[in-house]
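Novice: Chain residues, written in single-letter form:
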Amino acid sequence: MFTYYLDLAMRSLRRNRMLTALMVVAIALGIGASMTTLTVLHVLSGDPLPGTSGTLFYPRIDPRDQDSYEEGKEPPYQVTWIDGMNMLHAKRADRQALMTGGSVPVQPAQSGLDPFYSDARYTSSDFFPMFRVPFLYGRPWSAEEDESKARVVVISRKLNEKLFGGKDSTGQTLRMKDTAFRVIGVLDEWRPNPHFYDVDTGKYAASEDVFVPLATSRDVRLEHDGSTDCWGTGGDEEHAETQPCVWLQFWVQLDSASKVAAYKEYLVHYSEEQRALGRFVRPVNVQLNGLMEWLDINKVVPGDVRLQTWLAFGFLLVCLVNTVGLMLAKFLRRAGELGVRRALGASKREVFMQLLIESGVIGLAGGLFGLLLAFFGLWLVRRQPSDYASLAHLDLTMLLATFVLAIGSTLLAGLLPAWRACQITPALQLKSQ
Amino acid sequence: MDILPILSTLRRHKITAFLVIIEIALTCAIVCNAVFIINQRLDRMSMESGVDEHRMLHIQLADIGDTKDKKSRTLTDLAALREIPGVAEVSSVMQVPFGNSSSNSGIKLDPKQKLSTLNATMYSGENLVPAFGLQLVAGRDLQPDDFRDFDEVVRGAAAKDAKSLPHTVIITQNMANRLWPGQPALGKQIYLLDYPMTVVGVVKELIRPSIWDDSAKSYSMIFPMRMARGEYVIRTKTPEDRERVLAAALTKLKEINPHRVVLKKHTFDDMRHDFFQNDRAMAGLLIGVCVALLIVTALGIVGLGSFWVAQRRRQIGVRRALGATRSNILRYFQTENFLLATIGIGVGMVMAYGINLLLMVHYELPRLPGIYFPVGAVLLWIIGQLAVLGPAMRAAAVPPVVATRSV
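Listed in order, the protein sequences are those of chains A and B. Per the working numbering, the very first residue in the first sequence carries number 1; after that it's consecutive. Per the working numbering, the very first residue in the second sequence carries number 1001; after that it's consecutive.
Same shape as in the complex, but just chain B:
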């Protein structure tokens, strides 16, 4: 197909051609970035937590009055929960992944360091590793003689009594790699408030309860502290057991001590769902806008194409009368659209890159991967061709006899 006549025609319709190019360029730029953000959000939503989500339940209770013997009450609760058929592991914990409320602390590698090396979250609770279903990749789980009562630790820290503090800790693989790149973490020490803790185990993954910086999402530590705060994690034998176990657990806990309120009761699947609700809403909105954008652009091409065809009916008739076949005419309009789309896509890619740079500065987004450019281009070419097909077919249907009629 000879493109020179097309170019010369376009030169006579500069404004219209320019508008089509701009529309395609803007659409290309916005859709590329929007799809990129959608992908980011989808990635985030499928973030690995490290815990055995499909088999886990979370229950949080709060006492109505002041309870004195929290420790023994917790033991009673745990014993009762363990007896429920279908329960594999239970633990009384300080915080849970997707829980949105967290205790965090700065970590140093040397007590003389002025600034902390990184900030990590603190998990704790007896039997936490099996109850979370965590995967140990090195070392051992925390042993009973590692454990201290939480209240004891708080008092000890205030009194600067190192003996009442835990000495061991389990950290995640990501945290270990960040602290000691390329070296085994086992046996190494980290410092919390000037007190050394020895790394005795490394788990594959365990995300923080609240994530404000995705790059630090798996900086988690597990301390040997016994918790008695009425926050329980239950791991069931099978995912099907969950609903039944949850109902049974609540009944039992109420029976043991009715003078308390259930603040939270849910499966970890529900917690994950709630945790990423904003990402899901954002992704949904972006998908909606992208679809609307592509439709508007396609309709715009249809509208302008139809107008163009109507305007050039006479010329088309003349060409047909001079021997051009229907497919020649069809090909003409398709090539014309392809040319406009290509220029639009070219401009759009530059704009997409520019928008991405802005987003990198203001919204801490990573750089747009190169793969988006060819994929975006193909998508817009296809949409352009589909949109122009109708008007082009109508053009091809113009009979040669039109050339002989005036108006």
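Next up, chain A with everything else stripped away, as it sits in the complex:
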């Protein structure tokens, strides 16, 4: 029966090509626009570390002075060097890493390459195991190497290709800021989206090309990038270690709910202890946000992208209303034919099914065509200059979603016209002919 209805649908659609084309184009435009924006939204609001993100937390404490204090406000979004180091060395979490962003002058050994600046991350050693960073060659540095300010560096696969032709470069020397560093590891492709561990250096930025131990970066005076917030007399970048400024990110891994509770307690204790020492003056104000929660707090998904998604769905709605109207026109126009079918014994249900299948066919065609439009739309998005542009690709989930949305919405649009067409009294139709 299904194939028969399908055949009927095809015949009917072929009979009035203009109307069919109009409906398919309207659905395709709506689907294309919705899927383009939905894909961008989906990519941007994704989990940067699926499977791991649930155990990662971002602790915050409030070390600021009384100036501008207001009750109930959030603690600063980063930590000072002193607090970061204290929490790092306390080792109260399963893993913990203190880090900040920067940029380093890379001086290639080859004569053909001019020196250039690379984005860098200065971090303590747990960064790599905690964020499950994949290594192509070599290894991360150890906590000892971090403490002893070892001149070691881990580079990205991209930089390894540029500098060493993609070969295993561990043990080689890399000169940065007139200092010789030993390459101890090369990362495999790694680009968590969003750039969750430091949203101030580009919410959807690619991960850095150069990784240097945090203590080493201070020793070699590598340049710091990203946000720095100071209070009181703070601001001297030369002596950032002692300044009343927050400029580092501190992440912890906590494997169970009880550990999370215990860690929060530790943060309260730590704040109280610092208050007793006179370093902290504000009332205790601690936060321990999970990774995804932290992304929400930072509003990483651009407002424009959300607005575009709403707009696209509004557009789809108009396209669907349009299709409802056209389908209604088409079905009612065939009242005579449907009257004959009813008179010959087809039940209302069967006629209804037949018409729904016809709208499903339109939905499928609109979906296919809309998919092409979505590919085109995403290509346009990728040509935009935003830092998330290169991420706009359709994945399998979104591919399936396209068809579900296309066929689902068209069937929905077909319900009213089909129901209306079923109400036709066969006798009346036959008589009028």
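These aren't lab readings, by the way, just hints derived from the structure by calculation. Worth double-checking, as some hints may not be accurate.
Okay, derived cross-link-like pairs now, DSS-like style, lysine-lysine, Cα gap no bigger than 27 Å in a straight line [as the list claims (entries may be wrong)]:
hint, chain 1, residue 1, chain 2, residue 2
1, A, K162, B, K1264
2, A, K177, B, K1163
3, B, K1112, B, K1163
4, B, K1163, B, K1068
5, B, K1112, A, K177
6, B, K1112, A, K73
7, A, K177, B, K1068
Assemble chain B onto chain A, guided by the hints.
Specialist: Only chain B this time, still in chain A's reference frame:
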């Protein structure tokens, strides 16, 4: 034209009429708001910066190694840049408009104040006012004896030594109006970290390097601090000189000290272009959606109109046979469309207002200006009339003889 027969016909085609109305209403609501957002973005993109953009260049260099004598090196660089033919002014600066990276500070009018009055950005650099081409509307430019070295200021602030800090500042007119509405700003004091700074000059406009709140976009201050960070602004004599001066400047800077990397080199026109790229992309997308929406709606009216005409061929034939002229028939369909469009527009305006209220809450958009309502209405009326013209003409062409034929 008598509209009563039209109304009674529409009452017999409730669903179809309803669909047309809904489609027009939705289109009207979405297009009104989208055009409003487009206008907002276009306004933003043409935001006045206060600097002489068409004649300015920006170069940012970074040393590869540690440089000790940054101050004298900067003086050498500046002297060399000044010698290039076509260069009018040069300055070594801390930050530039459209630069996206900024230093900001809370400002107080009284050191005992608990919360700062406003947050403003800090520009500095010797010769900055002429190099930016800023327009002084009151007071004077910063004088050589106002100036301190940046490093000295940082050390002084840490040591709480007020003498090593600057005492004077230039602010923008908008900031002055916000701080002292209706009063002259010259001679007044603002407090930064409890230290007073006297306003000696007011510039017409100078926008912040990064703008996260459009209402605070021109809260900028210029401090008398000498910068030696390798960030230079060059103002050329004519806009045509720019490309040549930029190339010459880069060659010269490389010659003076090859042990550094050029991080940025661009004209301010390019910087403005890059700065507003997201607004431009958003406006482009909205325009695209609006056009597509109007086309879909128009095609929908054409489709439904054609169907309607085909369905009523007999009636039209009868009317023609009874003496209605072609223009009567044409007018009938046009009036019908006008009625539907008017109802749709009415509903659409209410929806447009509702959507605008939502956007005001979630996206901090201002209220939709009243002018959008009549303009939107006229636009949709025109589109409706154009779309219905084809089917209506076909209806008018129906010969009276159709009335005599069955089916």
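Novice: If you check each hint against the structure, which ones fail?
Specialist: As far as the earlier hints go, 2 and 5 are violated by this structure, in ascending order.
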